[in-house]
Amino acid sequence: MPIKVLMPALSPTMTEGKLAKWLIKEGDTVESGDVMAEIETDKATMEVEAVDEGIVGKILVAEGSEEVAVNAVIALLLADGEDASALEDADASAPDTAKPAEAAKSPETKTEKAPKAEAAPASPPPAAAPAQTDGERIFASPLAKRLASMEGLDLGQIAGSGPHGRVVKRDIEKALSEGTGKAAASGTGATAAPATAAAVPPAGIDAAMLELLPEYESVPNTGMRKTIARRLTASARDIPHFNVSADICIDSLMSLRKQLNGRDGADYKISVNDFVIKAVALSLKRQPDCNAAYTDDAILKFKRADISMAVAVEGGLITPIIKDAGTKGLATISAEAKELAAKARDGKLQPQEYQGGTFSISNLGMFGVSSFNSIINAPQGAILSVGAGEQRAVVKDGALAIATMMTVTLAVDHRCIDGAAAAAFVQELKGILEDPLQLML
Amino acid sequence: MADTSYDVLIIGGGPGGYVTAIRAAQLGFKTCVVEKAKMGGICLNWGCIPTKALLRTAEVYHNMQHAKDYGLSAEKVSFDMKAVVERSRGVSSRLSGGVDHLMKKNKVTVVDGTAKLNGPGKVDVTKDGKAVATLTAPHIIIATGARPRALPGIEPDKKLVWTYFEAMVPDMTPKSMLVIGSGAIGIEFASFYQTMGVDVTVVEVMKQIMPVEDEEISKFARKQLEKRGLKIITEAKVTKLDKGKDSVTCTIEDTKGKTQQLTVDRVISAVGVQGNIEDIGLETTKVKTDRGCIVADEFSRTAEKGIYAIGDVAGPPMLAHKAEHEGVICIEKIKGLDGVHPMDKGKIPGCTYCQPQVASVGLTEAKAKEQGHDVRVGRFPFIGNGKAIALGEDQGMVKTVFDKKTGQLLGAHMVGAEVTELIQGFVIAMNLETTEEELMHTVFPHPTLSEMMHESVLDAYGRVIHM
Chain X
1 MPIKVLMPAL SPTMTEGKLA KWLIKEGDTV ESGDVMAEIE TDKATMEVEA VDEGIVGKIL
61 VAEGSEEVAV NAVIALLLAD GEDASALEDA DASAPDTAKP AEAAKSPETK TEKAPKAEAA
121 PASPPPAAAP AQTDGERIFA SPLAKRLASM EGLDLGQIAG SGPHGRVVKR DIEKALSEGT
181 GKAAASGTGA TAAPATAAAV PPAGIDAAML ELLPEYESVP NTGMRKTIAR RLTASARDIP
241 HFNVSADICI DSLMSLRKQL NGRDGADYKI SVNDFVIKAV ALSLKRQPDC NAAYTDDAIL
301 KFKRADISMA VAVEGGLITP IIKDAGTKGL ATISAEAKEL AAKARDGKLQ PQEYQGGTFS
361 ISNLGMFGVS SFNSIINAPQ GAILSVGAGE QRAVVKDGAL AIATMMTVTL AVDHRCIDGA
421 AAAAFVQELK GILEDPLQLM L
Chain B
1001 MADTSYDVLI IGGGPGGYVT AIRAAQLGFK TCVVEKAKMG GICLNWGCIP TKALLRTAEV
1061 YHNMQHAKDY GLSAEKVSFD MKAVVERSRG VSSRLSGGVD HLMKKNKVTV VDGTAKLNGP
1121 GKVDVTKDGK AVATLTAPHI IIATGARPRA LPGIEPDKKL VWTYFEAMVP DMTPKSMLVI
1181 GSGAIGIEFA SFYQTMGVDV TVVEVMKQIM PVEDEEISKF ARKQLEKRGL KIITEAKVTK
1241 LDKGKDSVTC TIEDTKGKTQ QLTVDRVISA VGVQGNIEDI GLETTKVKTD RGCIVADEFS
1301 RTAEKGIYAI GDVAGPPMLA HKAEHEGVIC IEKIKGLDGV HPMDKGKIPG CTYCQPQVAS
1361 VGLTEAKAKE QGHDVRVGRF PFIGNGKAIA LGEDQGMVKT VFDKKTGQLL GAHMVGAEVT
1421 ELIQGFVIAM NLETTEEELM HTVFPHPTLS EMMHESVLDA YGRVIHM
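Quick mapping for you: the protein sequence lines, in order, are chains X and B.
Residue numbering for the first sequence follows my numbering, beginning at 1 and increasing consecutively.
Residue numbering for the second sequence follows my numbering, beginning at 1001 and increasing consecutively.
In case anyone wonders, no lab produced these hints; they're calculated from the structure.
All C-beta atoms, glycine included, are put in the ideal place defined by N, C-alpha and C.
Be a bit skeptical, because a hint or two may be false.
[Stated by the list, open to error] Using 30 Å as the maximum straight-line C-alpha spacing, the simulated DSS-like pairs for lysine-lysine come out as follows:
1) X/K169 <-> B/K1345
2) B/K1404 <-> X/K145
3) X/K174 <-> B/K1347
4) X/K145 <-> B/K1345
5) B/K1369 <-> X/K174
6) X/K182 <-> X/K169
7) B/K1405 <-> X/K145
[To be verified] Cβ pair distances, simulated, as ranges:
8) X/D238 <-> B/A1390: 52 to 60 Å
9) B/N1118 <-> X/R170: 34 to 42 Å
10) X/R230 <-> B/P1447: 39 to 47 Å
11) X/R170 <-> B/D1112: 37 to 45 Å
12) B/V1340 <-> X/L232: 39 to 47 Å
13) B/K1207 <-> X/P214: 54 to 62 Å
14) B/K1404 <-> X/E67: 53 to 61 Å
All chains should be built: construct the whole structure from the sequences, respecting the hints.
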């Protein structure tokens, strides 16, 4: 029997991906470890290595195929002594889905056990399916679905009276007569909005409005764009955000940085952001309440600080992770951050390098912005926005003075982190960054 | 009579009564049915079932007469009315026996006799004037059905003026016949006798035959029936019957007062049915009646606690399948099951088994417009369907009515061969609240008559393929 090469799962949540490129062709001999193909997910491009050796008998999924299901047979390898006739007996259907990546070694097999955050509902349900806040499928009749969308109702808010709680027409009629079940999008600020606003579907722009807009270029949404839209919409909608800010004097930090970078034979160049990463990890260790994620059943308090850093890439952004940043030295953090950022820009990040952080940092200081707010990278409980370090006039010992200041703004999920905890964290962070020698301890 | 107290007592063993009894037994109720004649009621013994047997005979006979159309030869085709009736009776008695068996299997007690309420919770049963038993039950379900209505001046006499009882078991084959009323019963008998060679005239007081059906469908059916030789007079009524020795002279008056006379061998009165509310002891309870039917709420509860009414006696539509469903809802509500909803009477299908058949569910086009719907209407003719042509049945139509705004299927109306077997597809669609989209995306098998259902939906949205 020919060996089946399966579409690998590049992450626990991956269900399909794009077969970007074949690096082999039919008739080629492959050995274990040879790179056979490149797979593209919404976040990264991955290489698929051969596990078994053999001759490529048949390529079943064409290059460039999108939405290839995980565990689908993508190619058949002829084992020693088999000829092409064996291909005809091969069943191209997917084997037991419980055994993924049997024939094709995916990077997943090398992944260390995912941090605990993976256990939390990491991604919101697909946008196509009507979703209750807890992510379960809503059963509704086609007519009920259509009526709900025409009336701007959220099916998740409507109790179904049909078989097995199915939402049927009479439930929609009841909701309409009682004025319940309004979709959140048309509900917020609806009082001030004109009456017609309710008729506009919450997702997207309606056709009539499009006609009024000037000429435009339509850029189709990439997988990454869709993921950003889906995850951040869910986060902004479902997570009660609040912000805590502080202005931090980084004069000491700047001079320490200069000293470190100026050492003879320094093969590193530590950035302010590296300091921030290290300081955040240390602050989280001291204020562990801010290193948390909310789930419906429990608050997950992480025992390690894995810091996700937002990296802008072509067409979007991605958050590679400095794992266990608290235990790493500044030089290590700096080197890792550089490597991850480069990989991110090249689309070469592996899933375990960007999935599973516990806390995010977004730094837009290089653009000169003084402060900003971020949307939480669910299921994480908090994200820190870092502004530019700039000289500002400050009052020091009762007199005006010039200091290099940097404003940080923490956005937190109020479901798992309360105001005092958030403030204590920011206070801790400020203390460390203003007295950076602590980082050396 | 060993046991006289039950959890549920049902008066009448027709389709409403016996189905309710089985469901009651399934739900764990100690159940009793009192039936004065045969289990299965009118439907099984004098209605739905035996007429289908007769109409099947008519269909086969018609096909034999047209054997040549199919490349066959059938010479001297004839029939023996006695044998035809015997077959029909045989079908009924077989099924009635089947219901008896179902009662035993479900441990439902059947009491042979006439039931009469004796106050709430109590029923006296008599047989041939003699008391049989006094039964008690906290829940009594009245399912006594209906009987032919009689118009003053044209009362059936069982000899020259028949009801469906006599028409079902004719002792002779009349040469000519007048059928009063063109509802399902009238038109089915008219179609049967006409096919069997009788010169049949139908008189209908309304503007169209089968008045509850969609106007377009009714017109189509009328044209087909007339093509087969049926005479139809609408917007007219029979005002007088002069009975001779073996014939009746009928006076027919149209809306303008113009009269004509017609002498026929037999008359069938099919002017509707009325609920059996008399002599069942309603006066000993608080049960209210209105226009010949018992007043009951959406769960069949009457004004008297513990007494319920289902089926024909509880009001229209007087159809066996409505009675069955109503009974099941009633007993499930008594049991207190979750999720019991009243029946949506707007989604009860209706079937008429004349040739061609007529079947429908939901709103007619006119009714939909009357209710304020902006509609989209789809039509597909049998002549565009391969299977229909292969069957030699190329006359018919499938019509669908959608709400323009929501895409809700409001009604479906059909005329033609086998449409009574097709309609349930649309009934399911309506009950699942599908829109045009799901119907368009449904794969209908080829080659079948059902493809016309698909095409009709497509036509409503300007996407018809085979037309």
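Evaluation of the provided hints:
1. X/K169 <-> B/K1345: Roughly 15 Å between the alpha carbons, so the hint for X/K169 and B/K1345 holds.
2. B/K1404 <-> X/K145: holds (16 Å)
3. X/K174 <-> B/K1347: holds (20 Å)
4. X/K145 <-> B/K1345: Holds. X/K145 to B/K1345 sits at ~23 Å (cutoff 30 Å).
5. B/K1369 <-> X/K174: holds (23 Å)
6. X/K182 <-> X/K169: With a Cα-Cα distance of about 16 Å, the restraint between X/K182 and X/K169 holds, given a limit of 30 Å.
7. B/K1405 <-> X/K145: holds (14 Å)
8. X/D238 <-> B/A1390: 52 to 60 Å: Holds - the Cβ-Cβ distance for X/D238 and B/A1390, about 59 Å, lies within 52 to 60 Å.
9. B/N1118 <-> X/R170: 34 to 42 Å: holds (40 Å)
10. X/R230 <-> B/P1447: 39 to 47 Å: holds (45 Å)
11. X/R170 <-> B/D1112: 37 to 45 Å: holds (43 Å)
12. B/V1340 <-> X/L232: 39 to 47 Å: Roughly 44 Å apart at Cβ, these two residues keep to the hinted range, so it holds.
13. B/K1207 <-> X/P214: 54 to 62 Å: About 59 Å separates the Cβ atoms of B/K1207 and X/P214, which means 54 to 62 Å holds.
14. B/K1404 <-> X/E67: 53 to 61 Å: Since B/K1404 and X/E67 have Cβ atoms about 35 Å apart, the given range 53 to 61 Å is violated.
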